[in-house]
Amino acid sequence: MTPIPALVERIVSAMAGLVELGETIEDEWTYVHDLETVWVARLRAVAAERSATAPGPDLEPAIDRLIDEAGRIADPHRAIDWLSTLPQATLVALGEVAW
Amino acid sequence: MRFQDAAKDARAVVYAGIQADPLVAQAAELLADASPAQRVLARAVMNGETEDAAGWRTAFPTLFGGPAAAQGLDDRDRSEAILAASLAVAGRGDQVRSQFRGAIVEAVTERLLARRVPGATLRRERRILFDGVPAEIHPYDVTVESPGAAEAYDCKWGARGISPDVLHQLDDARSHAAAEGERLLPVLVIFDARRSCEVRLARQTAPRTGTRLVTIETLDRLAGRRAEAAS
Numbered sequence: 001m002t003p004i005p006a007l008v009e010r011i012v013s014a015m016a017g018l019v020e021l022g023e024t025i026e027d028e029w030t031y032v033h034d035l036e037t038v039w040v041a042r043l044r045a046v047a048a049e050r051s052a053t054a055p056g057p058d059l060e061p062a063i064d065r066l067i068d069e070a071g072r073i074a075d076p077h078r079a080i081d082w083l084s085t086l087p088q089a090t091l092v093a094l095g096e097v098a099w
Numbered sequence: 001m002r003f004q005d006a007a008k009d010a011r012a013v014v015y016a017g018i019q020a021d022p023l024v025a026q027a028a029e030l031l032a033d034a035s036p037a038q039r040v041l042a043r044a045v046m047n048g049e050t051e052d053a054a055g056w057r058t059a060f061p062t063l064f065g066g067p068a069a070a071q072g073l074d075d076r077d078r079s080e081a082i083l084a085a086s087l088a089v090a091g092r093g094d095q096v097r098s099q100f101r102g103a104i105v106e107a108v109t110e111r112l113l114a115r116r117v118p119g120a121t122l123r124r125e126r127r128i129l130f131d132g133v134p135a136e137i138h139p140y141d142v143t144v145e146s147p148g149a150a151e152a153y154d155c156k157w158g159a160r161g162i163s164p165d166v167l168h169q170l171d172d173a174r175s176h177a178a179a180e181g182e183r184l185l186p187v188l189v190i191f192d193a194r195r196s197c198e199v200r201l202a203r204q205t206a207p208r209t210g211t212r213l214v215t216i217e218t219l220d221r222l223a224g225r226r227a228e229a230a231s
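Chains X and U, in that order, give the protein sequences.
Under the working numbering, the first residue of the first sequence carries the number 1, and numbering increases by one thereafter.
Under the working numbering, the first residue of the second sequence carries the number 1, and numbering increases by one thereafter.
Keep in mind the hints are simulated off the structure, nothing from the lab.
Worth double-checking, as some hints may not be accurate.
[What the hints assert, rightly or not] Here are the computed distance ranges between Cβ atoms for each label pair:
no.: 1; chain 1: U; residue 1: E198; chain 2: X; residue 2: I25; range: 12 to 22 Å
no.: 2; chain 1: U; residue 1: G148; chain 2: X; residue 2: P57; range: 49 to 59 Å
no.: 3; chain 1: U; residue 1: H138; chain 2: X; residue 2: A54; range: 45 to 55 Å
no.: 4; chain 1: X; residue 1: W29; chain 2: U; residue 2: I18; range: 25 to 35 Å
no.: 5; chain 1: X; residue 1: T37; chain 2: U; residue 2: G132; range: 37 to 47 Å
no.: 6; chain 1: X; residue 1: W29; chain 2: U; residue 2: A16; range: 33 to 43 Å
All values reported here derive from a predicted model rather than from experimental measurement.
Backbone N, C-alpha and C fix where the C-beta goes; we use that ideal spot for every residue, glycine too.
Starting from the given sequences, assemble the full structure and let the hints guide the process.
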């Protein structure tokens, strides 16, 4: 079973893909990178708190599915929306407060 | 200060058709009573690409059963209904779905406000006029037209909808009202996390101190209820 910090890092990598797409909207370059910074910090803080907790059996499939969904995003505008949505959905899957 | 129906131009007529779509009312009804986590589900599905319901159930195990689920049967049923409505919105296609999402946030706002203020004071698509001030082009999505305690709401699907124009319009309305000795509370309702909204606002120089921000985690405050945790 994959530990929670490793699952969260997979989400962080998926977010990097969304950043790459979203930053092609020139006017939103700063916003996209700021979004990534604050949400990655939040996710990693949760991962650190939960590093000794065994993930439930539903968590890894949930993370797989969310990463798959992020990978399907091809539109840069949608990618920016997902940069905010993906961490919230991840936190709900983790059973954490989503913000 | 006085309120007036917005002009029925071509854009307004088309958008009115979307606002009147039964799917908007259905989704708004569900989301008005949804938990914060269920609202995140709606946001994800309406933003997403996949139209496979089973996949979304997998992505939200805390809402759809399995060992991690903490909800009762009613919540599970509501999650299923929210998923179905959100998939129906996503299925409308890229152009139309963004209009649906906006209309849904407005309709949720209206429903929650109706629990706090008299229905007769609650209006949609209204302009606010002040003596000697040119009227704003964009109407307010929702207004509470109570004498001495008016409120003006601008509703957005995501934090990215926060722009200098939006902030200026809301603050201008507040200051023009104050200049006439009236009280007007401008409110920005964003169906997105406060964290993302604060990121958006951090680099804006437009005035915002007089504008209240309501985000996905605090939507229930529109109805006068305290926000709940979203897990």
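So, going through the hints one by one against the coordinates:
| no. | hint | verdict |
| --- | --- | --- |
| 1 | E198/U <-> I25/X: 12 to 22 Å | holds, 20 Å |
| 2 | G148/U <-> P57/X: 49 to 59 Å | holds, 57 Å |
| 3 | H138/U <-> A54/X: 45 to 55 Å | holds, 51 Å |
| 4 | W29/X <-> I18/U: 25 to 35 Å | holds, 32 Å |
| 5 | T37/X <-> G132/U: 37 to 47 Å | holds, 45 Å |
| 6 | W29/X <-> A16/U: 33 to 43 Å | holds, 36 Å |
When held up to the earlier numbered hints, the structure conflicts with none and fits them all.
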